[in-house]
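2 protein chains.
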Amino acid sequence: MKCKRCRRKAEVHLRQHNSAFCRGCFVFFLQRQVQRAVEKQRMFTRDEEVLVAVSGGKDSLALWDILAELGFRTAGVHLALGIGAYSQASTEKTEAFARARGQRLITVRLEEEGVAIPTVVAATHRSACAACGIIKRHYFDRLAFEYGFPVLATGHNLDDEAARLLGNVLHWQVRHLAKQHPVMQSTHERFVRKVKPLFRISEYETAAYAFLRGIDYVVDECPNSVGATQLVYKDALNRLETVMSGTKLAFVQEFLRTGRQAFVGHSGGVPETCTRCGAPAFGSLCAFCGLLQEVEAKRQRRPAASSASETP
Amino acid sequence: MKCKRCRRKAEVHLRQHNSAFCRGCFVFFLQRQVQRAVEKQRMFTRDEEVLVAVSGGKDSLALWDILAELGFRTAGVHLALGIGAYSQASTEKTEAFARARGQRLITVRLEEEGVAIPTVVAATHRSACAACGIIKRHYFDRLAFEYGFPVLATGHNLDDEAARLLGNVLHWQVRHLAKQHPVMQSTHERFVRKVKPLFRISEYETAAYAFLRGIDYVVDECPNSVGATQLVYKDALNRLETVMSGTKLAFVQEFLRTGRQAFVGHSGGVPETCTRCGAPAFGSLCAFCGLLQEVEAKRQRRPAASSASETP
Chain A
79 MKCKRCRRKA EVHLRQHNSA FCRGCFVFFL QRQVQRAVEK QRMFTRDEEV LVAVSGGKDS
139 LALWDILAEL GFRTAGVHLA LGIGAYSQAS TEKTEAFARA RGQRLITVRL EEEGVAIPTV
199 VAATHRSACA ACGIIKRHYF DRLAFEYGFP VLATGHNLDD EAARLLGNVL HWQVRHLAKQ
259 HPVMQSTHER FVRKVKPLFR ISEYETAAYA FLRGIDYVVD ECPNSVGATQ LVYKDALNRL
319 ETVMSGTKLA FVQEFLRTGR QAFVGHSGGV PETCTRCGAP AFGSLCAFCG LLQEVEAKRQ
379 RRPAASSASE TP
Chain B
79 MKCKRCRRKA EVHLRQHNSA FCRGCFVFFL QRQVQRAVEK QRMFTRDEEV LVAVSGGKDS
139 LALWDILAEL GFRTAGVHLA LGIGAYSQAS TEKTEAFARA RGQRLITVRL EEEGVAIPTV
199 VAATHRSACA ACGIIKRHYF DRLAFEYGFP VLATGHNLDD EAARLLGNVL HWQVRHLAKQ
259 HPVMQSTHER FVRKVKPLFR ISEYETAAYA FLRGIDYVVD ECPNSVGATQ LVYKDALNRL
319 ETVMSGTKLA FVQEFLRTGR QAFVGHSGGV PETCTRCGAP AFGSLCAFCG LLQEVEAKRQ
379 RRPAASSASE TP
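Sequences listed follow chains A and B, in order. Add 78 to a position in the first sequence, counting from 1, and you land on the number used in the numbering used here. Add 78 to a position in the second sequence, counting from 1, and you land on the number used in the numbering used here.
Bear in mind the hints are in silico, worked out from the structure with no lab data behind them. Don't take every hint at face value.
[Claimed, not checked] If you anchor each label on the Cβ, the simulated ranges turn out as follows:
| id | chain 1 | residue 1 | chain 2 | residue 2 | range |
| --- | --- | --- | --- | --- | --- |
| 1 | B | Lys80 | A | Thr353 | 36 to 42 Å |
| 2 | B | Asn96 | A | Gln378 | 34 to 40 Å |
| 3 | B | Asp298 | A | Asp313 | 25 to 31 Å |
| 4 | A | Phe360 | B | Phe106 | 43 to 49 Å |
| 5 | B | His203 | A | Gln308 | 37 to 43 Å |
| 6 | B | His91 | A | Gln308 | 24 to 30 Å |
| 7 | A | Ala163 | B | Arg86 | 53 to 59 Å |
| 8 | B | Glu224 | A | Val342 | 31 to 37 Å |
| 9 | B | Gln263 | A | Glu374 | 53 to 59 Å |
| 10 | A | Gln263 | B | His203 | 44 to 50 Å |
For every residue, glycine included, the Cβ atom is placed at its ideal position computed from N, Cα and C.
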């Protein structure tokens, strides 16, 4: 098969686009795909500095690389999650990436904040993925706001968005369906705009891009993700994709084009303000402060319980 | 494991209901489940005679058996599709079932009507499943109306409904989503009410019921169904069900409870009347007459083409 653009030998085959590219043209193709998504969905302009949430994995590093290569003004934000060697490698690779490209990187170590993922999981009944999601959202939102960025970009790809959509649909999470979109406008003075420039780019494509661009990313999955619901949805969608190529893209695109309209007005309205930290909240406490309260309650219970065991 | 009802040894295990039954109690349980669905969804009353669409497979024969055992007034309607040995066996088993139970059966042979499935498929570009669906719907609707039945019941089970829902969602078929319901009220003077009393009963349960009741049904799948889209959706849902028991039931139930509300008003309105046959139609011709026209056009083209080949 020949490269669609330059007719040289193709190295990357894209079944859902029914085309193939050589190395150089694939990199060009993918960058242009992202540029079009940014422009068509009006995610941000060249005047705005974009804060890219980077984990150290292929998707977020590819996103940062693409946006920087396209000439957008970017900075990175990284959370060191405190999940042993996995987190250490993630932080190292993220810092090396930023250093090599002279990009500004804001790093927050959750251990120093007292909310390393293992600590929080041990202190609450939440699953690691649920706790991690709440903490990440909180810090990304807060740092983007505090550092004055107008927009926060995440590396969610097509597979992520399709799996999330499938999960929302299987449980008919009408509120979540109303909100699922590659551009989330600010609904609170402390929320900045959130965008997903890779929402039409498959996991296979970001992996190929990262490989061809020589990006050194963490290949291992998070050790907590074993058996995660999201992976079960991805597996089901991959099976559908194998038999019916283009299923994921059509699922997400047609949702944005027609399906989503049905749910608009079911989003649960605009958020209020957390009485504890001032962040946006549905209810009196934001999800993060709710989690913190659980962790603190556990810390207070523990010494009390041990001293009780000493007095018979 | 012991029978939930009588504490004897259980023989049928129902994971999604987290229970198990002995033979006798399972039959009782399943019949009562169907009775509850009929009553709760107000499908029909004991005064109404129900026309059951029977293919000769496990679901439709189990449905007919259950409704008759529950004391509802029933008759069967069967279409001999003309698909070789498969159809012959289906018709024989359906007729034997009706005869053995002294039930009235209306049988229509599509070959005699000039629309046997292989004939129609050869004459059009439709897939066998698409053509068969149009023909079945047309004859079932027409026969129910012409014979004066107030309601038509089909054997669609939970797996069928979940697969259909998944297909509608993956393509965001908003009109179809608006219409998907176990009870379809009449929207045209020639449409009778259509109901699916098995919509909460899994394929595994109808198979177990048919086996335990000694129903002699056609075990083979239709030879045309190989690779059918519906089976791909069923496979994906079965994988989800394996990991997350209860997924299918929750998907369908929660759709009916909350998700479906979002689509009401997108159904495309009430049907008009087919200018050719008087049946309900969206457009000037009903789907069946559209199909007939294709078949007739092909018949007219064929002799013309062969005579043309004789004159160089």
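A quick look at each hint next to the structure:
no. : hint                              : verdict
1   : Lys80(B) / Thr353(A): 36 to 42 Å  : violated, 52 Å
2   : Asn96(B) / Gln378(A): 34 to 40 Å  : holds, 37 Å
3   : Asp298(B) / Asp313(A): 25 to 31 Å : holds, 30 Å
4   : Phe360(A) / Phe106(B): 43 to 49 Å : holds, 46 Å
5   : His203(B) / Gln308(A): 37 to 43 Å : holds, 40 Å
6   : His91(B) / Gln308(A): 24 to 30 Å  : holds, 29 Å
7   : Ala163(A) / Arg86(B): 53 to 59 Å  : holds, 54 Å
8   : Glu224(B) / Val342(A): 31 to 37 Å : violated, 44 Å
9   : Gln263(B) / Glu374(A): 53 to 59 Å : holds, 55 Å
10  : Gln263(A) / His203(B): 44 to 50 Å : holds, 45 Å
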